[in-house]
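Note that the protein sequences, when read in sequence, are chains C and S. Counting with the numbering used here, you get residues 1 to 121 for the letters of the first sequence. Counting with the numbering used here, you get residues 1001 to 1375 for the letters of the second sequence.
Think of the hints as simulated: they come from the structure by calculation, not from any bench. Everything numeric in this text was worked out from a predicted model, so none of it was measured. Keep in mind that a hint or two might mislead.
To be verified - So, partial list: chain S residues that the calculated Cβ filter (under 7 Å) puts toward chain C:
1. V1068
2. L1110
3. Q1202
4. G1222
To be verified - Simulated crosslink set (DMTMM-like; lysine to aspartate or glutamate; CA at most 25 Å straight-line):
5. S:K1210 x S:E1146
6. S:K1085 x C:D10
7. S:K1210 x C:E87
8. S:K1045 x C:E11
9. S:K1343 x S:D1283
10. C:K104 x S:E1157
11. S:K1124 x C:D48
12. C:K31 x S:D1057
13. S:K1150 x C:E11
What the hints assert, rightly or not - Chain S residues, not near chain C, derived (Cβ > 12 Å throughout):
14. Y1019
15. D1090
16. A1118
17. F1332
18. N1363
19. V1365
Cβ coordinates follow ideal geometry from the N, Cα and C atoms, glycine included.
One letter stands for each residue in the lines below.
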Amino acid sequence: MAKILVCDDDEALVSMIRFKLTRDNLGEVTKASDGREAKALLRDENFDLVITDIHMPFHSGLEITTFIRRELMKSTPIIVLSAEGLENTVLEAFDLGANDFITKPFSPAELAVRVRRILQA
Amino acid sequence: MKWRLLIGDTIALTGVELYIVGVAVLFFSFGLLMIIVILASRVIKTRHESSVQSYRDHFQRLLNSIVVNTSALEKPDSPVSFDFKLTELDRVIGGSVVGRQILISQIIHLKRNLSGNAAYVLSKVFYGLNLQAVSISNLRSFKSYEKKVKAIRELAEMNVKEAIPLLERYLLSSNKLLAQESLLAISQMRPDDSLRYLVKTQQTITPWIKLNVFHYWSGGSGQRLDFSGLLTSNNDTIIRLGIDMISHFRQTSSIDKISSMLSHPSETIVVESAEVLGRIGTDKHAKILVSLLENKNLAPEVIRAALASLGKIGQPEHHKDVIAGFIDHGDFGVRFQVLQSLKALGLKPTNVLTANDLEQNENIVRHLEDPLLQP
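Make the full structure from the sequences, and use the hints.
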């Protein structure tokens, strides 16, 4: 069973993502409500996939991406989730090492497809 | 004369002592009452919070299963069907007003983040439970304006078109916030029809309103709408919105109507119209700008805008003299614009201006020739 870390301060959205991914048997979901908690979990555990929002308290999703790639030196796949679909933000996320970018509002079915594709790769 | 009060057979209090005891008892009773009130309010608040959290958890579980399992919409008899979940949600709410309000907030919050079938199914839940009636009732009731604003936003987010006639009434509300929110709500629900409301409004179009209506029009309707209709408004801020949108969506068919705004009494409107002519105008409009510049009583801001636009759409051989004619203007900004416009037309100041003019404006010429400012 894949281990997936979902970092977002939006409780309702995390709950929905967790429900969807668990129901589709895509993995076991762990939640981080802010950037600090996400960093601590990433230091202590190994995840098969990280889904992170850009805007979070303490550390942004882009900082989390940098942390995984530059400090932990891990190649864990990262999906960045954001309401901000600006070209520069998307490019910056990919430049920092994100594997995929999903703009809110998004379809839960589409998220599941992208997660499955990344986990199978 | 001394007053005495006998308690039992032994203790007697004087009038002053009695007064002190009375005050002490009063303070003690008041303190006790305050403690009871504080404790009671804490208990009520905690109960309310736990009831809100319990509703949230229940609703979230049910909404998750509805949103994720959109295929259940097509299986009416299944225990995981949409109707079954809807009945379950209705059962959880019971008759609770608080419960309905929490569900409305949760549906709107999720709908903002989700698209496709998931968003569709959330709308179906909202209408299936007749939650629009709660928002409409909140808007109709004599509640505080904050609650009314919240109701207006809910109706707009859930696109409750049946509420538009009610919202229209608030367009003329003396409460600016209510008038603004109803205008935004109608614009969001009917972007194609929003100009009809805007042209009539007497509200000041704030940057916030502008930002929002622009967002609604950016969805596609902005290309279809004829913003020149806004130029007939008697509200200057609406005219300015119209000018801005004609420029943004490059509606060249409305450019002649923009030209007619150069004779508007508002200086700001004249400046903005002149700027738009420079952005989307043609050679024909350069002539109109020249005519404008023949007026000797123009404000420096208007001259600057007209010169800047002339620098963009003018012809060097036809307009260099008109532009250069302002080099001895008293306003530094106008002289600066003269040299910038000449440069924009591809002309060198030394070929157009006299030695005296060049000497008088040496600092501007030097500034514009700075290598760091070159393209």
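Hint by hint, here is what the structure shows:
Against a cut-off of 7 Å between C-beta atoms, the interface hint on V1068 (chain S) holds, since the closest Cβ of chain C lies about 5 Å away. Checking L1110 (chain S) against chain C: minimum C-beta separation of about 6 Å stays under 7 Å; hint holds. Checking Q1202 (chain S) against chain C: minimum C-beta separation of about 34 Å lies over 7 Å; hint violated. Checking G1222 (chain S) against chain C: minimum C-beta separation of about 18 Å lies over 7 Å; hint violated.
Simply put, K1210 (chain S) and E1146 (chain S) have alpha-carbon atoms about 22 Å apart, close enough for the 25 Å limit, and the pair holds. With a C-alpha separation of about 24 Å, the suggested pair K1085 (chain S) and D10 (chain C) falls inside the 25 Å cut-off, and the hint holds. A hinted pair counts as satisfied when its Cα atoms are at most 25 Å apart, and K1210 (chain S) with E87 (chain C) qualifies at roughly 23 Å. Proposed proximity of K1045 (chain S) and E11 (chain C) is supported: the alpha carbons are some 22 Å apart, at most 25 Å.
A distance of roughly 18 Å separates the Cα atoms of K1343 (chain S) and D1283 (chain S); the hinted pair therefore holds under the 25 Å criterion. Straight-line distance between C-alpha atoms of K104 (chain C) and E1157 (chain S) comes to about 16 Å, which keeps the hinted pair within the 25 Å bound. Pair hint K1124 (chain S) plus D48 (chain C) does not hold up; C-alpha atoms about 36 Å apart against a cutoff of 25 Å. Of the pairs offered as hints, the one joining K31 (chain C) and D1057 (chain S) holds, with about 16 Å between alpha carbons and a cut-off of 25 Å not exceeded.
The suggested pairing of K1150 (chain S) with E11 (chain C) holds, with an alpha-carbon distance near 22 Å, which does not exceed 25 Å. Look at Y1019 (chain S): its CB is around 58 Å from the nearest CB on chain C, clear of 12 Å, so calling it non-interface holds up. Distance check for D1090 (chain S) against chain C: the nearest CB is about 20 Å away, which clears 12 Å, and the non-interface claim stands. For A1118 (chain S), the requirement that its beta carbon stay farther than 12 Å from each beta carbon of chain C is not met, with the minimum near 5 Å.
No beta-carbon of chain C comes within 12 Å of the beta-carbon of F1332 (chain S); the shortest separation is about 37 Å. Annotated as non-interface, N1363 (chain S) keeps its C-beta farther than 12 Å from every C-beta of chain C; the closest such distance is 37 Å. Every beta carbon of chain C lies more than 12 Å from that of V1365 (chain S), the smallest distance being close to 37 Å; the non-interface claim holds.
Violated hints, in rising order: 3, 4, 11, 16; the structure is consistent with all others.
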